[in-house]
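Protein chains in written order, with the numbering used here: chain A, 1 to 521; chain B, 522 to 881; chain C, 882 to 1147.
Hints in this document: simulated from the structure, not taken from any laboratory.
It should be emphasised that the depicted structure is a prediction, and the values quoted were computed from it without experimental measurement.
Here a beta-carbon is modelled for each residue, glycine too, at the ideal position from N, C-alpha and C.
Warning: the hint list may mix true and false statements.
[Said to hold, decoys possible] One side of the interface only, derived from the structure: several residues of chain B facing chain A at Cβ under 7 Å: (1) E568; (2) L570; (3) D574; (4) F591; (5) N621; (6) E655; (7) V718; (8) L720; (9) G738; (10) G758; (11) C811; (12) P826; (13) F842.
[Unchecked claim] DEER-style ranges, computed between Cβ atoms: (14) C:W1128 with B:L688: 40 to 50 Å; (15) A:A215 with B:R667: 45 to 55 Å; (16) C:A1137 with A:M1: 23 to 33 Å.
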Amino acid sequence: MRFTGWAANYVDERTSASTAVKALGRKIFPDHWSFMLGEVALYSFIVILLSGTFLTFFFDPSMTEVEYSGSYVPLQGIPMSVAYHSSLDISFEIRGGLLMRQVHHWAALLFVAAIGLHMLRVFFTGAFRKPRELNWIVGFLLFVMAMALGFTGYSLPDDLLSGNGLRIIDGMIKAVPVAGAWISYLLFGDEFPGTDIIPRLYVLHIMLLPAITIALIGIHMVLLVVNKHTQFAAPGRTNDNVVGSPVLPGFAAKAGGFFFLVFGVIVLIASFFTINPIWNYGPYDPSPVSAGTQPDWYIGFADGALRLIPPNLDFVDPFGFTWAFGVLIPLVGLLVFLAAVGLYPFFEAWVTGDRREHHIAERPRNAPTRTAIGAAGVTFYAALWAAASSDLIATHFRLSIEGVILALQVATVFGPFVAYFITKRVCLALQRKDREIALHGFESGRIVRLPGGEYIEVHEQLDDFERWKLVSFDEYQPIMIRPNDQGKITVNQRVRATLSRWFFEDRIAPVTQNELESQKH
Amino acid sequence: MADAHDGPDNGENAGTAVARQDDHDAPAPAVAVVRADRIPNPGFPPERLRVTDLDPKKAKQAERTISVLFFLSVIGSVLAVAAYILFPIEEGDPSTIRLNNMLIGVGITLGLLGIGIGAVHWSKALMHGHEEVEQRHPTRGSDESRERAVEIFREANAESGFTRRSLVRNSLIGALVATPIPAIALFRDLAPAEDPVALLKQTMWETGTRLARDPSGTPIKASEVTIGSAFHVIPEGLAELESHRLEEKAKAAVLLMRLPVDELNEREDRADWSYDGIVAYSKICTHVGCPVALYEQQTHHLLCPCHQSQFDVANHCEVIFGPAARPLPQLPITVDEEGYLVAKSDFTEPVGPSFWERQL
Amino acid sequence: MAPTSPASARRAGRRSPLATTALLVVGLLATGGAYALATTTATAETTAASAQLIDEGGKLFAANCASCHGLDAEGTAAGPTLIGAGALAVDFQVGTGRMPMAASGPQAEVKPVQFTQEQIDAMAAWVADLAPGPAVPADRYIAGDGDAAIGAELFRINCAMCHNVAGAGGALTEGKWAPGLAGVDPVHIYGAMVTGPQNMPVFSDLNLTPEEKNDIITYLLYIEENPSVGGWDLGSLGPVSEGLFIWIFGLGGLVAVTIWLTAKSN
């Protein structure tokens, strides 16, 4: 104890650390399972850093050609790049090397998946609203970084699967108007595949992209502390307080323990389940290809978009230049989709005109239009994602590949509208049910016979605490058209007012005290 | 705690624009409606105590469980090291790798989950279990610090003349914009100085180049290509290339098929590009460059396994399904005096995916 | 090219551990004149079938196959001619249960085998007697004792695009599919390569020599006998099954953990 005191004093006299402990040590974090999803992503990233560092000690990104001399019989004597050879050595010669490779790859898949689910949680609870719009952007950039890290890592083993993945990227780059052939040539340092791409991706994968990611995570955490965490509506919780457990000791123990749980689950998966068996694929060679050549799941939506485009869309302009719309439409479409995800908070703020700070996480049903927009986006993404496995869907469900693709083309175009409509109706129905329960209580299951012979089911009233969750949401009015200083109504205003009406139409008001009183009598 | 809680919607802390209004007034634009008869926040509910708060025995029991979990973690870590030593990878026996992977992994898993479950259980069962309350404040700085910040910028501007001395400022901005240009120029040498467009338009095939088997490089006689066959073909000499072997292969890979002559529907200008029902097409997909290699010998369809483009070999490889932009380029072939299949020329159009200068 | 180039040096090095016979064959291949010889060795294996066996096969054919293939195996609208199909085609189609077909569909499906091996041999003998065709190979070409590395390379170039690099199978057009290869008898793998059943291309002995076919069989047996070193292989289907696994079991499991984590203790 005396040593602890001395050490704390020593550090504080040189760093003023006590200020930070004072500021952060008893910070309150609200408890809800969905608030832990970001932590899953964060901890996966730490696991990726740890296992990745181990892998760098053994991996050699050179594309120099050598002959395989390791212990995997079906590759012995086959010419291959040093990168692939060293990846095989990590798997076959180094004790625990395969485990670390599998930990790294499984953690990478989990990292992006956890980011995705975390983003969905933030979106559907409106937790991106003021003051957290900028942190949404930071998180969105982290999502993009995670995909970039994943793709560069997927390419490094230089096996047949990753090589074909790079070939697809090369084909997409070549389609870029004006500079495509040149960008590809500079990126690969030669014609495809060249001998430079793996070392170049390696530098991006282990240095530049992780550095940017770590910096963004830092900003994400600082903004989290500055803004404090959102919380769900509950008795006693308001927009002006935050209720939960303090960092020290309870939350720190939980969050710290959770790191070990995430790590443990990843290692457990990696010890029993193969991921990316690179030895099956063989070294990269431009001639062979495997059935079921797919990217890792998070690039699937892009691959799916490429699969869904109809044939013969090349267009040669009068100057003789080629517009490869079969590639450009999916490419631009995906960029627009990603941009829409990143910029949504600003769109909603503009449409609603809402400039207040929001710290209560909304229940998705209480923002029907937003929830429906989200469902439409998820449907669009899911259709593209499913398209990336169209061949496996066909073989596993005994369908024709043409039928699967046609169905997914329809789903990509019309699915979002259907999802929007259904989700909005479901949200409104749930809101009506909430109203009903708040006013009349819930069905108790107790049937009572009245003196007149009539049977009724007794409704049990909620207590004030239970009711609060159902009635605590805000009611909104759409923006009205107002003339500006010159007394004119601009197009911008009209559009905004129309969108605002659309956003808030069909809304259902929360139960008020008067309604409740009149109900009781 | 609960008593720190000061009621819902007091408006001052929550941000800037909450309108309070009575039932039927017209709403101000762009704000939430807060009705006067809104149901009030009931405040914190009574707290439920945990069994470990009520029963010291249960608390003691939880303490034991937690320490057992931490001990299990130690055992797991030791087991991982033991597995590392006792179950080495033996040359020639892949099952030892599987075992090594599994046992080290299980040890580490135990080591991690022991700590994780233990720590969480400790937090949940034994650590201070009450919810606490912290007040939020608007994220914006206080008026005082905002004023001071503006003042600092104003002073800095006055002292430096950043706004006033516009020539200095604008020339600085110009200089800053110009400095990264050399950095961009430096990337030009990412690739050698040749023109990629010219490279994309030619392959290793030349008049008289024999068609050879992939990967052995042995030449193919027309008589060896039976009906229904599919040969994966490279130009003869490719397997022995000292440099750029994969780059050349990435353009020159060809699929050779033989169809019954009466089922082959050829374009008039390409009537002499095949030999007795034997046709050769580029294997590189015109969509984004995957090898199109799934040949169905009865339907004569070619399928790309990456994005499911389909080409009809019987009809000069026109696109019948999927995202590909145009038919696969055909390699004109004939036989030489020894009966080997040879190319009549290079492809007459660039192979592989579209690019900007493809036509020029 | 110079014989000392790295590529050719590698090739020689790779084949050096082969047995003497294989070396001889490879040497002959290198001269480019071995194919004729390889063909004669392969077709010379045809077993002389007794007249009685042929007769029995004819009866079985008439009872079970003639409705689609025609009484003289000349083919009808419902099924192709079998003249020249050879014994190996019969052995493959009937021996894997694909024939007789239960119903018309995108392609003949594998079913429980309907006949004994003796009956299959009899029908094969009858078909082989109609006209010469591919015969059942000698045991040494299906022994699976070849070079797995050569086999794997040939498999990747000639087979993996349809059957997947790990032999897990894949999709073809219009509802057809390339079947998975796990557990398939080597003689049927050999038979499929030679006869090109349904939409599979033909890989005659002039394309892949019998030794090379044996190498491919060797590779397939290797991956069948040596399960993935990384643990359960999730069907060897690639990133799709991995993605589904991490979402359902990885993230799903961790969500369950978060629910436990944030629930208040009893």
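Hints, one by one, checked against the model:
Annotation: interface hint on E568 of chain B violated; nearest CB of chain A at approximately 11 Å, more than 7 Å. Against a cut-off of 7 Å between C-beta atoms, the interface hint on L570 of chain B is violated, since the closest Cβ of chain A lies about 15 Å away. For D574 of chain B, the shortest C-beta to C-beta distance to chain A is roughly 14 Å, which exceeds 7 Å, and the interface hint is violated. Annotation: interface hint on F591 of chain B violated; nearest CB of chain A at approximately 11 Å, more than 7 Å.
A hinted interface residue such as N621 of chain B counts as satisfied when its beta carbon comes closer than 7 Å to some beta carbon of chain A; here the least separation is about 6 Å, so the hint holds. Given the 7 Å rule on beta carbons, the hint for E655 of chain B holds: about 4 Å separates it from the nearest Cβ of chain A. Annotation: interface hint on V718 of chain B holds; nearest CB of chain A at approximately 5 Å, less than 7 Å. With a least beta-carbon distance of about 5 Å to chain A, the hint placing L720 of chain B at the interface is held under the 7 Å criterion.
Because the beta carbon of G738 of chain B sits about 12 Å from the nearest beta carbon in chain A, more than 7 Å, this interface hint is broken. Annotation: interface hint on G758 of chain B violated; nearest CB of chain A at approximately 15 Å, more than 7 Å. Residue-level restraint check for C811 of chain B holds (minimum Cβ-Cβ distance to chain A is 6 Å; threshold 7 Å). Interface hint at P826 of chain B: satisfied, since its Cβ lies 5 Å from the closest Cβ of chain A, which is below the 7 Å cut-off.
Hint status for F842 of chain B: holds, given a least beta-carbon distance of 6 Å to chain A, under 7 Å. Between W1128 of chain C and L688 of chain B the beta carbon distance is about 59 Å. The supplied range of 40 to 50 Å is therefore violated. Distance hint for A215 of chain A and R667 of chain B: a CB-CB separation of about 27 Å, inconsistent with the stated range 45 to 55 Å. Evaluation of the 23 to 33 Å hint for A1137 of chain C and M1 of chain A yields a failure: the beta carbon distance comes to about 40 Å.
In summary, the numbered hints that this structure violates are 1, 2, 3, 4, 9, 10, 14, 15, 16.
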